[in-house]
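Let chain A serve as the given structure and place chain B on it in line with the hints.
There are 2 protein chains.
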Amino acid sequence: MTQSESCDDDPQTTQEQILQATYRALHRYGYAGLTIQRIADFTDVSKSSIYYHHEDKDELLLAFLERVLRDVQAGFEIEPEHDPVADLERFLERIFASIDPEPATEALPIGAYVEIRSQAVSNAAYRERVTDIDDALESQFRSLLQQGVEQGVVKDVDVGQVSEYLLTTIVGTLERYATTDEFAVEVVRAELERYLEHRVIA
Amino acid sequence: MTQSESCDDDPQTTQEQILQATYRALHRYGYAGLTIQRIADFTDVSKSSIYYHHEDKDELLLAFLERVLRDVQAGFEIEPEHDPVADLERFLERIFASIDPEPATEALPIGAYVEIRSQAVSNAAYRERVTDIDDALESQFRSLLQQGVEQGVVKDVDVGQVSEYLLTTIVGTLERYATTDEFAVEVVRAELERYLEHRVIA
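Chains A and B, in that order, give the protein sequences. Heads up, the first sequence is in full-length UniProt numbering, so the first residue is 1 and it goes up one at a time. Heads up, the second sequence is in full-length UniProt numbering, so the first residue is 1 and it goes up one at a time.
Okay, chain A solo, but in the shape it has when bound:
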């Protein structure tokens, strides 16, 4: 393959490389320590090319939130086993597996996500992306629960209400994991299972 055919010239690939490097820089330095130089250090893409794609850090972080949205949509898309309860369990398992004290560099940098997410309080563009991320997760819960109700393996619950509740617990789990000391993720996970057992699974 000649230089001109290389992936580096494909804008979409360059953008993907920048975002992968952003994930890595956020894992290493956190949100406060993120600079364009540090992102450039994790990729072959030049600083000037990063500036060409993203005019400032704010615009780059919006692209980060869009990448989180795509990861949520793609990464948690379970190959359906046509057993909605098993699929729900695997879906939750994947979400909790992302809360890892030694995460892979391609995993969601949870602390940075919590910090960036908090900017949605006062920034409408961030707020729109965060709402989309929550909606994407909620609709996956809803779809699995709906299938479960139809197959009689989930109780006849308000699937929208249960989905909102599950998502809220997960958002709280990420928040407490990122902002407090000695938070026991596995304790919350265990009680979530009791909730499903007593209230949701038929």
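Please keep in mind that the hints were generated in silico from the structure rather than gathered at the bench. A quick note: this is a predicted structure, and the numbers were derived from the prediction, not measured.
If chains are identical, the list can't say which one is meant, so a pair holds when it fits in one copy or spans any two.
Restricting the straight-line Cα-Cα distance to at most 25 Å, the calculated cross-link-like pairs of lysine to any residue (SDA-like) are:
1) K155 / L196
2) K47 / A107
3) K57 / D181
4) K47 / E106
5) K155 / A184
6) K155 / A190
7) K155 / L192
8) K155 / E197
9) K155 / E138
10) K47 / Q20
11) K57 / Y29
12) K57 / A40
13) K155 / R189
14) K155 / I201
15) K57 / G30
16) K57 / R38
17) K57 / I36
18) K155 / S139
19) K155 / R199
For chain B alone, coordinates are given in the frame of chain A:
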């Protein structure tokens, strides 16, 4: 009362006035818009006196988190009716009542709290305070549930596990309320009731 005896000279009262004004300024301008001048505009305490008590905005926000901790400890201290389930319901009622689109100026400014809380990701002093706030709420849940188990009105659950789970859902509720559009607090509240009914209350 002579001038020298007035409350204004009591350092504790001055500090309280500064913190009340900080709550008001956070309600009006949010975290990003908070300045010492804007705090001074909400109180008779002078800017120089605010600087005397708090050397910078960071130090002032630590005092804000300590005030949140005291509010959590005091404001949710229910007069016990010696009916732990009713007390638990009233405790949750007070927490959810604080999520109000038109909050009183003395109420917790939730958006600002979420933004300030997120700094605990990378700031150890903030993290310590946020951990204390979560612990204070969790221990109040734990105490009510323990009384309920002893009186036979709460199932023989792991009270620590249930308390952590309840708190996590509440933290998620605050976070989603502050960072997304069209979040339906009452839907999460309704499902929380179903959880208590099916899993916790005897």
